[in-house]
Amino acid sequence: MSEMLDAEIAPKLAVELGLKLDEYDKIVEILGRRPSVTELYMYSLMWSEHCSYKHSRKALKMLPTTGEHVLQGPGENAGVISVGDGWAVAFKMESHNHPSAIEPYQGAATGVGGIIRDIFTMGARPIASLDSLRFGTLDKARQRYLFEGSVAGIGGYGNCLGVPTVGGEVYFDEAYEGNCLINAMSIGIMREENLTRATASGVGNLIVLIGSTTGRDGIGGASTLASQEFDEKAEDKRPSVQVGDPFEEKLLIEACLELLDAKLLVALGDLGAAGLTSSASEMASRGGVGLDIDVTKVPQREENMKAFEIMVSESQERMLAVVEPEKLEAAQAVCAKWGLRSTVIGKVTDTGHFVVREGDTVVADMPASTLADDAPMYDPAMERPAYLDDVQSFDPRIVMLPSDDELGDTLLKLLASPNICSRRWIWEQYDHQVMLNTVVLPGSDAAVLRIKGTNRAIAVSTDCNGRYCYLDPYLGAQIAFAEAARNVACAGGRPVAITDCLNFGNPEKPEVFWTFYESVRGLSDACKAFNVPVISGNVSFYNESFGQPIYPTPTVGLVGLLQNVSRHTTTGFKDEGDVIILLGDTRNELGGSELLKLIDGSVAGMPPSIDLWREQQVCEAVIGCIEMGVVKSAHDCSEGGLGVTLAECCIAGDIGATAVLEGRMRPAVSLFSESQGRIVVTATVDDATVVTLMADRLRIPYEIIGQVGGDSLSIKDMLDVPVSELREAHEPTLERLVHGE
Amino acid sequence: MARFDIYVTYKSGIFDPPGATAERALQNLGYTEVSSVKIGKFIQLKVADGTSIERVAEMCGKLLANPVIEEYRIEPVEEA
Amino acid sequence: MARFDIYVTYKSGIFDPPGATAERALQNLGYTEVSSVKIGKFIQLKVADGTSIERVAEMCGKLLANPVIEEYRIEPVEEA
Amino acid sequence: MRFGVVIFPGSNCEQDVIHAARYLGFEAAYIWHGDTELSGFDAIVLPGGFSYGDYIRCGAVARFSPVMAEVVRFAEAGGPVMGICNGFQILTEAHLLPGALLRNVGLKFICHGQPVRVEDSACQWLDLPGGTVLDIPVNHNEGNYICDADTLARLKGNGQVVLRYCESDGSVLPGSAPNGALDNIAGICNERGNVFGLMPHPERMVDPLCSGTDGVPFFTTIVKCLAEV
Ligand SMILES: Nc1ncnc2c1ncn2[C@@H]1O[C@H](COP(=O)(O)OP(=O)(O)O)[C@@H](O)[C@H]1O
Ligand SMILES: [Mg+2]
Numbered sequence: 000m001s002e003m004l005d006a007e008i009a010p011k012l013a014v015e016l017g018l019k020l021d022e023y024d025k026i027v028e029i030l031g032r033r034p035s036v037t038e039l040y041m042y043s044l045m046w047s048e049h050c051s052y053k054h055s056r057k058a059l060k061m062l063p064t065t066g067e068h069v070l071q072g073p074g075e076n077a078g079v080i081s082v083g084d085g086w087a088v089a090f091k092m093e094s095h096n097h098p099s100a101i102e103p104y105q106g107a108a109t110g111v112g113g114i115i116r117d118i119f120t121m122g123a124r125p126i127a128s129l130d131s132l133r134f135g136t137l138d139k140a141r142q143r144y145l146f147e148g149s150v151a152g153i154g155g156y157g158n159c160l161g162v163p164t165v166g167g168e169v170y171f172d173e174a175y176e177g178n179c180l181i182n183a184m185s186i187g188i189m190r191e192e193n194l195t196r197a198t199a200s201g202v203g204n205l206i207v208l209i210g211s212t213t214g215r216d217g218i219g220g221a222s223t224l225a226s227q228e229f230d231e232k233a234e235d236k237r238p239s240v241q242v243g244d245p246f247e248e249k250l251l252i253e254a255c256l257e258l259l260d261a262k263l264l265v266a267l268g269d270l271g272a273a274g275l276t277s278s279a280s281e282m283a284s285r286g287g288v289g290l291d292i293d294v295t296k297v298p299q300r301e302e303n304m305k306a307f308e309i310m311v312s313e314s315q316e317r318m319l320a321v322v323e324p325e326k327l328e329a330a331q332a333v334c335a336k337w338g339l340r341s342t343v344i345g346k347v348t349d350t351g352h353f354v355v356r357e358g359d360t361v362v363a364d365m366p367a368s369t370l371a372d373d374a375p376m377y378d379p380a381m382e383r384p385a386y387l388d389d390v391q392s393f394d395p396r397i398v399m400l401p402s403d404d405e406l407g408d409t410l411l412k413l414l415a416s417p418n419i420c421s422r423r424w425i426w427e428q429y430d431h432q433v434m435l436n437t438v439v440l441p442g443s444d445a446a447v448l449r450i451k452g453t454n455r456a457i458a459v460s461t462d463c464n465g466r467y468c469y470l471d472p473y474l475g476a477q478i479a480f481a482e483a484a485r486n487v488a489c490a491g492g493r494p495v496a497i498t499d500c501l502n503f504g505n506p507e508k509p510e511v512f513w514t515f516y517e518s519v520r521g522l523s524d525a526c527k528a529f530n531v532p533v534i535s536g537n538v539s540f541y542n543e544s545f546g547q548p549i550y551p552t553p554t555v556g557l558v559g560l561l562q563n564v565s566r567h568t569t570t571g572f573k574d575e576g577d578v579i580i581l582l583g584d585t586r587n588e589l590g591g592s593e594l595l596k597l598i599d600g601s602v603a604g605m606p607p608s609i610d611l612w613r614e615q616q617v618c619e620a621v622i623g624c625i626e627m628g629v630v631k632s633a634h635d636c637s638e639g640g641l642g643v644t645l646a647e648c649c650i651a652g653d654i655g656a657t658a659v660l661e662g663r664m665r666p667a668v669s670l671f672s673e674s675q676g677r678i679v680v681t682a683t684v685d686d687a688t689v690v691t692l693m694a695d696r697l698r699i700p701y702e703i704i705g706q707v708g709g710d711s712l713s714i715k716d717m718l719d720v721p722v723s724e725l726r727e728a729h730e731p732t733l734e735r736l737v738h739g740e
Numbered sequence: 000m001a002r003f004d005i006y007v008t009y010k011s012g013i014f015d016p017p018g019a020t021a022e023r024a025l026q027n028l029g030y031t032e033v034s035s036v037k038i039g040k041f042i043q044l045k046v047a048d049g050t051s052i053e054r055v056a057e058m059c060g061k062l063l064a065n066p067v068i069e070e071y072r073i074e075p076v077e078e079a
Numbered sequence: 000m001a002r003f004d005i006y007v008t009y010k011s012g013i014f015d016p017p018g019a020t021a022e023r024a025l026q027n028l029g030y031t032e033v034s035s036v037k038i039g040k041f042i043q044l045k046v047a048d049g050t051s052i053e054r055v056a057e058m059c060g061k062l063l064a065n066p067v068i069e070e071y072r073i074e075p076v077e078e079a
Numbered sequence: 000m001r002f003g004v005v006i007f008p009g010s011n012c013e014q015d016v017i018h019a020a021r022y023l024g025f026e027a028a029y030i031w032h033g034d035t036e037l038s039g040f041d042a043i044v045l046p047g048g049f050s051y052g053d054y055i056r057c058g059a060v061a062r063f064s065p066v067m068a069e070v071v072r073f074a075e076a077g078g079p080v081m082g083i084c085n086g087f088q089i090l091t092e093a094h095l096l097p098g099a100l101l102r103n104v105g106l107k108f109i110c111h112g113q114p115v116r117v118e119d120s121a122c123q124w125l126d127l128p129g130g131t132v133l134d135i136p137v138n139h140n141e142g143n144y145i146c147d148a149d150t151l152a153r154l155k156g157n158g159q160v161v162l163r164y165c166e167s168d169g170s171v172l173p174g175s176a177p178n179g180a181l182d183n184i185a186g187i188c189n190e191r192g193n194v195f196g197l198m199p200h201p202e203r204m205v206d207p208l209c210s211g212t213d214g215v216p217f218f219t220t221i222v223k224c225l226a227e228v
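Chains as they are written, first to last, in numbering that gives the first Met the number 0: chain A, 0 to 740; chain B, 0 to 79; chain C, 0 to 79; chain D, 0 to 228.
It should be emphasised that the hints constitute simulated quantities derived from the structure, not laboratory data.
We put the beta carbon where it would ideally sit given N, CA and C, even for glycine.
Listed next, the in silico BS3-like pairs over lysine-lysine satisfying Cα-Cα at most 30 Å (straight line): (1) B:Lys10 / C:Lys61; (2) B:Lys10 / D:Lys107; (3) C:Lys45 / A:Lys305; (4) C:Lys10 / C:Lys61; (5) B:Lys37 / C:Lys40; (6) A:Lys139 / B:Lys40; (7) B:Lys45 / C:Lys37.
Per label pair, the in silico range of CB-to-CB distance: (8) A:Thr295 / D:Arg21: 46 to 54 Å; (9) A:Asp138 / D:Lys223: 51 to 59 Å; (10) C:Val76 / D:Ala121: 46 to 54 Å; (11) D:Lys223 / C:Val76: 56 to 64 Å; (12) D:Val171 / C:Phe14: 15 to 23 Å; (13) D:Arg72 / B:Gly49: 55 to 63 Å; (14) A:Pro298 / B:Gly49: 50 to 58 Å; (15) B:Ser11 / D:Val171: 45 to 53 Å; (16) A:Lys715 / D:Val171: 40 to 48 Å.
Pulled out of the complex, with its shape left as it was, chain A reads as follows:
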């Protein structure tokens, strides 16, 4: 074993690389000797939070992961569900928060690149992406820079690939000022029989590296960027910025799918965090085999790279394949056709050991499974955060609500507020149509993608209101799920499975870990109530800056299924005379609401209550009516409440409405309370009775609140605002904010 470390240095280096001393001891115990430099680097990355989930794995066991549709649950590069007729859909969401905080364009771009590789690694053709974003408020130049850069990067990468970005979400709040969140979700489609797993097998088979050259970029990326808190030292971490090459990735997609179609590969894996080390060791441990790799065979971008640098480099756009010797020539021909490098760098062995050579000297030799599976698992201490008592004890009812003659202005202010205003400025920078599957474009509750060659479609949405999670992580996580489900239901999709991206602060702080645990518990209960499993996900910890954790942000990416693609709905009101029906009931719930933030500047109170059973019934009712073809438009109530929902329906449909809101509540409450479980649908006078019958049958409270028509939104005794004014408030805000106006 070369470059063995002496007893002095080894533990020091280990700590420098982010390992704890007892973790270092465990490595020595595994090896029965001190590690070499290369081994230490490999363990430090594989045992980092980012790769090992050592703080989160136990809590994640709470989540349901099985169901009739599930072909592949968590554990592979992406989860896969069956959608009928032999078609399967793969999807996953992942964070690229810390790289984006350093270089927004490249950070966000490589985030998209990484999640898309996870999809086609499974044998699926990527057909859509969504992006879930969080920034500080845009009155700060740095935040505008991060926001503009991230959006440009997501578009720059996805547009070049020809994978449409069809949806997402964005929130602006001081809580994210020092630590923006860039979560990207990607979705792919395949024939069930093409499902491929990253499992190495077949002693003597060849390990082939496909794609880009290997440089020093991203070295230490996974550990230094994803597993350390952010602070002023962020600057020092800059050298490890990775630059994405979407063109190379496009070639990889085409070549890899062609290789899999032709059955030329035994296994395929992508190189993500911790590069060659993680993809190779995970492949080996899944297959229970060993690997023998020679780093001098790896095509290098920079001069005299060290073995450990090659093993942990995070150069983008690289894939690792296992190929039978007799198929090598054919496989390399496919790569060459697409103008891609493909290099044999090693072979599969029966030793169970991961051996790394530099020419003929062995620089690392460890049991492969110990890298991927033997990281220590922790049971972090938990403690309910002290702040909760203060914020929850706040009673919004003491706040001076807008008077009856201010309601119109208040609605306009809400429509123009950063967290509610139109997101058009974002999605128009994304190609959201390429591949001709996007049946419902951005601007409705969920995007709808048809599945060519079938009569079916999927509906997708990402959601999470971090304020609710801050005020009550358990409820907040349930609401995140419920909103995603409502959004998908509003398009006509029946929820099938979710992916999640759990963004939290430092899990070693008991108060932070408590919010993590409660969020996972909430998500788990919501999944069980809807009988919808989690098939993939990602945990991003250490989202803090200057010691302050971000809001707990468990983002949910939900995929629903439409049996008949022509039976889908959109947000906008359609025709004069259609009846407007509100499903679900409204309570006095202004805690954590946009109205409270607007008039009081505070984020406080209890978030809206949620009845998961009722939520599920409301979704069922809407889906059922859409399947029967009796609903013309559907839009749920979220931020800004019923008032904002009605306004958005008018703007999207470019037609007015008249409504009467009965009930004992203050007008401002009926308009802007953010009670959950509510969906506004429209139907013709005849069909309206079908909708109300359905509601009765499912014992869902409903109210016929008015009808579509005219050119203003007029709510009796409350407000009367021309649709043009609503649009003027809703549309231009984001662009103005970006320009610092």
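Please build the complex by placing chains B, C and D with the ligands on the supplied structure of chain A, with the hints as guidance.
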């Protein structure tokens, strides 16, 4: 009227996909003698007389270059 | 190993959006002394020894610049 | 009638063009950029996308693909060629069409529905009456058409301007071009009218399930035109 020429290039170690693509394209066109192509920015700046090079460096740091991945060189130009 | 630096700029009269935008942005940032910004390409070429400047010009005419809108200048560079 | 759709490395709208053509009942097949056999194709489409990543300049590298020499021959022999978006950029780089496409004035990629006005032109791919307004999405970062004054005069004089960005009522205003294109030019053809380049994506407006059908004439007209000769 003073003039400055600014040369913006990637820091060493930062990958330059357009350069790599140009390199391959030239070789495919038969220019096999090409061994490397790096593509950066060439910025010609016209400013009021007396503008200091420090001031221009400031503009580069703030807007004309991305200090995270790029470095720049500034050259005052004598007007012909 | 020989080196050439290539400067690709827009022909006069061709409006260059990035340049114009940078110009405005700098002025908004308070750099009112800025009167014009032109953004072109700075290409660093490494080629086999003995490669003639004519040969490099050929590469520019064919691929590295578009004669319809751009002009270029080539400078041989003495290796340090 | 058989459309040939060229795949360059980095093309990404080729399957959409094929889908549109077949949806309308026409035959359509891919042509690999390395191939040099165009016999058996009646019309060639260079699809949208990011050939060679749009590196150096959009279309600069693709223009040298082996297939392009054949496309040039095909065009010079009067064969109909349509370049959509990146395809348009490739046609200008290959000098089959005059001018060039620069970065959008807003410096942003743009993807949205876009009203365009049909001009009276010699274009074999479109014979709608001048003034017709179509809604065809744009989807590009470099769609800012430019050419010198003489060329512009020639384009106008010869009826080579095929499409111009406009308002939904058909009026062509200075601000109507989302990318700053000279004279609001969205599409042009060569003098003969067989080579056509445009930034908007007609293939996205053929299948009614996705957005609309204003793109249909861009496929049916050439078929009619070829049937007549
Ligand atoms: N970052 C984004 N990228 C792409 N589309 C987005 C983004 N943010 C919001 N959208 C789109 O804007 C529309 C409204 O978003 P949002 O207000 O989050 O809807 P909802 O409140 O129903 O979840 C949706 O169609 C959504 O997909
Ligand atoms: Mg919604």
